[in-house]
Amino acid sequence: MAMRISVEAYGCTLNQGESRIMEELLENKGHEIVSPKEAEASLIMTCCVIDSTERRMLKRIGDLEARKKPVLVGGCMASIMKEKVRNIAPDAVFVSPGDVNKVLREVAGTAEIEREGIDENAISRDSIDAIVPIGQGCTEQCSYCITRLARGSLKSYSEDNIENMVSRRLKEGYKEIRLTSQDTAAYGQDIGSSLPNVLNKVTSLQGDFKVRVGMANITNLLPILRETLDSYESEKIYKFLHVPVQSGDDRMLSKMNRRYAVDDFISVVSTFRSQYPDSTISTDIITGFPGETEEQFRASLRLMEETQPEIINVTRFSPREGTAAFEMDEKVPGWKSKERSRELTKLRSEISLKKNSSLIGSVLNVMTTEHVKSGTTMGRTSSYRPIVLPEALPLGIFCDAKVVSARDAYLIGELA
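According to the working numbering, the sequence shown is numbered sequentially starting from 42.
Calculated directly from the structure, the hints in this document are not laboratory data.
Be aware that one or more of the hints could be misleading.
Unchecked claim - Here are the simulated EDC-like pairs of lysine to aspartate or glutamate, each with C-alpha atoms no more than 16 Å apart in a straight line:
id: 1; residue 1: Lys109; residue 2: Asp92
id: 2; residue 1: Lys396; residue 2: Glu347
id: 3; residue 1: Lys123; residue 2: Glu106
id: 4; residue 1: Lys242; residue 2: Glu204
id: 5; residue 1: Lys196; residue 2: Asp170
id: 6; residue 1: Lys396; residue 2: Glu351
id: 7; residue 1: Lys277; residue 2: Glu351
id: 8; residue 1: Lys70; residue 2: Asp170
id: 9; residue 1: Lys110; residue 2: Asp132
id: 10; residue 1: Lys242; residue 2: Asp291
id: 11; residue 1: Lys377; residue 2: Asp319
id: 12; residue 1: Lys396; residue 2: Glu335
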């Protein structure tokens, strides 16, 4: 019997990707994706990467439970926080990460199905980006990370599976393919493949489209760096690299159990930029990790000033039960962590504004990706920089745009 089901996804792009696959499977079986108010059952893909996110997830689960309709809980909380969820939603059905077919078995009443032959008319066309998971799990043992506990060890999807999924998305009209996992650089270590292999397969597909490669950890990227950068030669790949460094101090990296040194990060960034000068580097920094001294924090600031990443994602340390860092002494006061976060955020804004301002007067090739304010369109340059165009343009087209102004978060352009 067909049902009306709501789907909500929070957190990482892998969660977003899995939720879209679930929506697709449900719609393919005749079920209707609706708002929570209209739903006969609700699926929530949860995130618990930091404490504030966990609290927000539990509140949202409570709101859904209050409707007295079946609630399915997916994402990381389904693996490692079942008791906390049960305290709020005793009858919740848990969908472990990667088990997308359980939605069909538990709520929709259908057996496990293959993902081939999906109805191309089932997916909303309000977006041109398709998230394609290439695997899940991780090879690392970072002392602060709860996601690895939820997602488990590395499980790469086959090259053929990924190629087929991307091909299907392109036939459906999607133009931006986001390849994602906990660590894209680890892809294939368990199946005798590699990230460059997947990139070469995907970019060999016919059509005008762009590929954004998701986060890559330095430890796993270094051994395949040359092959990966060669794969980036394809004009279909955004010249965008997300490599989290987390700290500018080697002693702190060791305490975090990050298996690289600061110099490794510098090497990756300089090598990438030497081959692709017009590129975007994105990185992550944690402030207030247990024992972080003022000098160690200053080292992070200096590293950002030296390497000038276009994007710096700043996160204040949040102790997660079950991780090694949860038990560490020398806690940094919350006010101090927040103060450091603000200082890094200010630097991030200064760097990105300077970088964006340097492009004023340039003519860049842009793919339109999103309608924003009335009468304007967001696009992405070949290096994945966002640019706002003051016209309502069709999505998924390529055009040349002249940069006429800049903000710290985006460019402003006009059709050239």
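Do the hints match the structure? See the list:
1. Between the alpha carbons of Lys109 and Asp92 the distance comes to roughly 27 Å, so the proposed pair goes past 16 Å and is violated.
2. In summary, the hint linking Lys396 to Glu347 is supported, as the alpha carbons are separated by about 14 Å, within the 16 Å threshold.
3. Restraint check: the Cα-Cα separation between Lys123 and Glu106 comes to about 15 Å, which is no more than 16 Å; the hinted pair holds.
4. A threshold of 16 Å between alpha carbons decides the hint, and for Lys242 with Glu204 the separation of about 7 Å falls inside it, so the pair holds.
5. The suggested pairing of Lys196 with Asp170 is violated, with an alpha-carbon distance near 24 Å, which exceeds 16 Å.
6. Restraint check for Lys396 and Glu351: the C-alpha separation of about 7 Å stays at or below 16 Å, so the hint holds.
7. Taking the CA atoms of Lys277 and Glu351, the gap is near 21 Å; set against the 16 Å cutoff, the hint is violated.
8. Between Lys70 and Asp170, the direct Cα distance comes to roughly 23 Å. Violation of the 16 Å bound is thereby established for this hinted pair.
9. Straight-line distance between C-alpha atoms of Lys110 and Asp132 comes to about 10 Å, which keeps the hinted pair within the 16 Å bound.
10. Note on Lys242 and Asp291: the hinted pairing is violated, with a Cα-Cα distance of about 37 Å set against a maximum of 16 Å.
11. Of the supplied pair hints, the one linking Lys377 and Asp319 is violated, its CA atoms being roughly 36 Å apart against a limit of 16 Å.
12. Our distance criterion of 16 Å between C-alpha atoms is broken by Lys396 and Glu335, whose separation comes to about 28 Å.
In this structure, the earlier hints numbered 1, 5, 7, 8, 10, 11, 12 are contradicted, and the remaining ones agree with it.
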